[in-house]
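Enquirer: Now for the letters of each chain:
There are 2 protein chains.
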Amino acid sequence: MSRAKQQLTVYRALGEADGPLSARELWSRLGGAGVGLATVYRALRRGVADGTLKSVEVLGGGVRYEPRNREHHHHFLCSICNHAFDLFGCVEGLESLVPDGFQMTGHEVVLRGTCDECANAA
Amino acid sequence: MSRAKQQLTVYRALGEADGPLSARELWSRLGGAGVGLATVYRALRRGVADGTLKSVEVLGGGVRYEPRNREHHHHFLCSICNHAFDLFGCVEGLESLVPDGFQMTGHEVVLRGTCDECANAA
DNA sequence: CGACTATTGAGACTCGATTATCATTTATCT
DNA sequence: AGATAAATGATAATCGAGTCTCAATAGTCG
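Chains as they are written, first to last, in this note's numbering: chain Y, 1 to 122; chain X, 1001 to 1122.
Read the hints as simulated data drawn from the structure, not as lab findings. Glycine included, C-beta positions come from ideal geometry on N, C-alpha and C. Do not take every clue at face value.
To be verified - Here are a few chain X residues that face chain Y, going by a calculated C-beta distance under 8 Å:
| # | residue |
| --- | --- |
| 1 | E1016 |
| 2 | L1037 |
| 3 | T1052 |
| 4 | S1055 |
| 5 | E1057 |
| 6 | G1062 |
| 7 | E1066 |
| 8 | H1074 |
| 9 | L1087 |
| 10 | F1102 |
| 11 | Q1103 |
Unchecked claim - Simulated coverage check for chain X against chain Y, where a stretch passes if three residues somewhere in it have a Cβ under 8 Å from a Cβ of chain Y:
| # | segment |
| --- | --- |
| 12 | 1018-1027 |
| 13 | 1109-1120 |
As the list claims (entries may be wrong) - Chain Y is faced by these chain X residues, among others (derived, beta-carbon under 8 Å):
| # | residue |
| --- | --- |
| 14 | L1059 |
| 15 | G1060 |
| 16 | P1067 |
| 17 | C1081 |
| 18 | G1089 |
| 19 | G1101 |
| 20 | M1104 |
| 21 | T1105 |
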């Protein structure tokens, strides 16, 4: 594979994904054999360092990465294929959950269940 | 320490905690030196197996455990002390986030920020 | 093309979390 | 008390995720 553009390849793959990808998922999407896992990790690390990428944790699935320039959103984790999907929109009433004296700076919402594809395959 | 009751000791410690505890947190609460880490893990494993305990993942803190018989609730993760606190109540509008064709079976909400104590200590 | 630098792939290595091993200790039963 | 079974603690072993090393390769420039 032509070199020098692999960093971009990683960015593009994340940009086109329907949700955040883990290093391994990304690796296999890039063709496993064609790109080294180390290179994927390197690209991810650089991306996070320069602010292009952002690492997110979706419960149960370890660390995943997504472009930083996405609007505020949450994720849906399919318990069958274990893939994380981006969701749109947010929820109401989060403030009311915060105990007195606590200061909330952010939040995460993860929905679990089965995705379109897995639900049909069942 | 008297044996045979350590399993119960673990259960009690989790029951009295203000949030889910990781194996390490639990271990240190039980007095580090008095109980072996292996025993803590054993008790947790058995607890989960027999349904008494439940393992939960709170972003950024790995796996934690809590009694299964708690009402539906969510967690607040303090980004300073890294402790997870139980919250009460839930949020509205989750269903509207689910994409067509997806089936939601559960959800998690995690608030981030600073807890009472850490906010005051700052 | 030839010299020089940046990037890569494979695999060795590190690190933390969890599990397995095993001799020892506590409980149980008689 | 004596024999047997269950639980424990210390530590070794394992496992996965991520990082580091280094020789080989692609890109650059003259």
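Enquirer: Please go over all the hints and tell whether each is borne out by the structure.
Expert: A quick look at each hint next to the structure:
Contact between E1016(X) and chain Y, as hinted, is not supported at the beta carbon level, the nearest pair being about 18 Å apart and thus beyond 8 Å. For L1037(X), the interface hint is violated, since its Cβ never comes within 8 Å of a Cβ in chain Y; the closest pair sits about 23 Å apart. Annotation: interface hint on T1052(X) violated; nearest CB of chain Y at approximately 21 Å, more than 8 Å. Here the hint on S1055(X) is broken, as its CB sits about 10 Å from the closest CB of chain Y, past 8 Å.
The restraint placing E1057(X) at the interface with chain Y holds, with a minimum CB-CB distance near 5 Å, inside the 8 Å limit. A least Cβ separation of about 10 Å between G1062(X) and chain Y goes past the 8 Å threshold, and the interface hint is therefore violated. The interface hint given for E1066(X) is broken, as the beta carbon of that residue sits about 14 Å from the closest beta carbon of chain Y, more than 8 Å. Checking H1074(X) against chain Y by beta carbon gives a least distance of about 7 Å; that is within 8 Å, so the hint holds.
Checking L1087(X) against chain Y by beta carbon gives a least distance of about 5 Å; that is within 8 Å, so the hint holds. A cut of 8 Å between beta carbons decides the hint on F1102(X): the least distance to chain Y is about 5 Å, and the hint holds. Of the supplied interface hints, the one on Q1103(X) holds, with its beta-carbon coming within about 5 Å of a beta-carbon of chain Y, less than 8 Å. Counting residues of the segment 1018-1027 of chain X whose beta-carbon sits less than 8 Å from any beta-carbon of chain Y gives 0, not enough to reach three: the coverage restraint is violated.
Closer than 8 Å: that is the beta-carbon criterion, and the segment 1109-1120 of chain X has 10 residues meeting it against chain Y, so the requirement of 3 holds. At about 5 Å, the closest approach between the beta carbon of L1059(X) and any beta carbon in chain Y falls short of 8 Å, and the interface hint on this residue holds. Against a cut-off of 8 Å between C-beta atoms, the interface hint on G1060(X) holds, since the closest Cβ of chain Y lies about 6 Å away. About 19 Å separates the beta-carbon of P1067(X) from the nearest beta-carbon of chain Y, more than 8 Å, and the hint is not met.
Of the supplied interface hints, the one on C1081(X) is violated, with its beta-carbon coming no nearer than about 12 Å to a beta-carbon of chain Y, more than 8 Å. With 8 Å as the threshold, the beta carbon of G1089(X) comes within range of chain Y, its nearest partner Cβ sitting at about 5 Å, so the hint holds. For the restraint placing G1101(X) at the interface with chain Y, the shortest Cβ-Cβ distance is roughly 4 Å, inside the 8 Å limit, so the hint holds. Given the 8 Å rule on beta carbons, the hint for M1104(X) holds: about 4 Å separates it from the nearest Cβ of chain Y.
Taking 8 Å as the C-beta contact cut-off toward chain Y, the hint placing T1105(X) at the interface holds, the least distance being around 4 Å.
The structure shown violates the earlier hints numbered 1, 2, 3, 4, 6, 7, 12, 16 and 17.
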